[in-house]
Amino acid sequence: MGPGLLLASTSAAATTDVVSHLLVASVFSGPFDWFLGVSDIVFSWLAGVTGLQFLTYPYMQRAYLSVLAIGIVGPLVGSFLVYRDLSMVGDTLAHTAFAGVAVALFLEAALSIAVPPLVGALVVATIAALLVQALVEYTGTRSDAALAMVLTGGFAVGSVLISLTDGGISVGINQYLFGSLATVSRADVGLLASMTLVVVAAVTVAYRPLLYVTFDETAARASRVHVRAVNTLLSILTAFVVVSAMRIMGVILVAALLVIPVVTTARIGRSYKQSLLYGVLAGEVAGVVGVTLAYLYGLAAGGSIVLVAIAGFVVVQLGRRFE
1 MGPGLLLAST SAAATTDVVS HLLVASVFSG PFDWFLGVSD IVFSWLAGVT GLQFLTYPYM
61 QRAYLSVLAI GIVGPLVGSF LVYRDLSMVG DTLAHTAFAG VAVALFLEAA LSIAVPPLVG
121 ALVVATIAAL LVQALVEYTG TRSDAALAMV LTGGFAVGSV LISLTDGGIS VGINQYLFGS
181 LATVSRADVG LLASMTLVVV AAVTVAYRPL LYVTFDETAA RASRVHVRAV NTLLSILTAF
241 VVVSAMRIMG VILVAALLVI PVVTTARIGR SYKQSLLYGV LAGEVAGVVG VTLAYLYGLA
301 AGGSIVLVAI AGFVVVQLGR RFE
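First residue of the sequence shown? That's 1 in my numbering, and the numbers climb one at a time after it.
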């Protein structure tokens with residue numbers, strides 16, 4: 001590929017990302033303007049009480065709101081995955097979502113077809129989730145093997161598409177690989193708030209079937225619970241969580257808040273519902289503390305959040321040892 005075409009590919013990738021943000025902003029940020037206004041008042045009050053002036057910075061407010069949303073939906077969906085030994089589902093869908101971003105950017109660079117990267121990521125991640133389910137149900141493939149195939153296949157698709165443009169679309173992909181809380185936009189907050197409402201509503205409505213299938217799928221089938229529909233719902237919810245959080249946490253780290261808070265609190269609660277609530281609390285603490293440390297010490301926010309979550313797991317385990 002010549003320098004001119006490479007420059008065009010890079011420019012196209014950047015243009016597509018800008019267009020994507022404008023589209024997302026028009027859909028998601030407007031309806032949540034009131035929410036952002038109220039949160040600004042709350043953060044300003046907290047800054048006055050604590051003396052932490054960085055709480056008044058708009059980009060920090062958006063970062064905190066984002067991790068608070070991720071702290072809810074991550075453990076909420078992740079709990080049903082962890083208890084079914086499907087912890088790697090989040091990681092698999094994150095890598096296939098990366099392929100979806102690559103597909104969208106490649107279509108723009110090579111064929112001048114504008115597809116918002118987040119749309120491409122959501123479509124491909126959803127297809128991947130359903131593909132894993134189909135491999136397990138119709139081919140008898142073990143779930144861990146199916147996840148491994150789809151994960152590596154998704155990452156392979158992304159890498160091949162990057163190579164076809166001589167790396168031209170990698171400029172647009174890097175931000176999805178590693179994420180950035182410092183550049184969270186109003187549209188990103190609106191998207192996360194929307195996904196949080198959708199996920200919480202779906203889990204609330206389908207809580208009993210999800211719980212039944214999670215702990216005894218055979219009995220659920222005998223009780224005429226539509227297991228396939230429940231599995232499909234869980235797969236789609238996981239894809240939604242991964243894609244909505246991907247731009248902030250990055251592909252590499254997005255699966256962490258689906259798993260670590262849930263594992264941390266698995267044996268603390270006296271019931272599943274209590275453990276679920278503790279998991280959400282652990283996710284919130286990891287998010288808030290991680291973002292604060294990232295700001296104070298100039299660290300990568302996504303990595304800080306994951307390390308705080310792991311530290312929380314270690315503290316809980318040590319505490320249980322000395323009970």
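Honestly, the hints are just simulated from the structure, not real lab data.
All of these numbers come straight from a predicted model, not from anything done at the bench.
Some hints here could point you the wrong way.
The calculated label-pair distances, taken between Cβ atoms and stated as ranges, are [as the list claims (entries may be wrong)]:
1. Tyr59 - Arg320: 32 to 40 angstroms
2. Leu197 - Val314: 27 to 35 angstroms
3. Asp144 - Val315: 23 to 31 angstroms
4. Ser143 - Val42: 21 to 29 angstroms
5. Ser112 - Asp216: 50 to 58 angstroms
6. Leu52 - Arg320: 41 to 49 angstroms
7. Val42 - Val160: 44 to 52 angstroms
8. Leu177 - Ile236: 22 to 30 angstroms
9. Val160 - Arg320: 26 to 34 angstroms
Just so it is clear, CB atoms sit at the ideal spot from N, CA and C, and this is done for glycine as well.
(request) Of all the hints given earlier, name the ones this structure violates by number, lowest first. (result) 4, 6, 9
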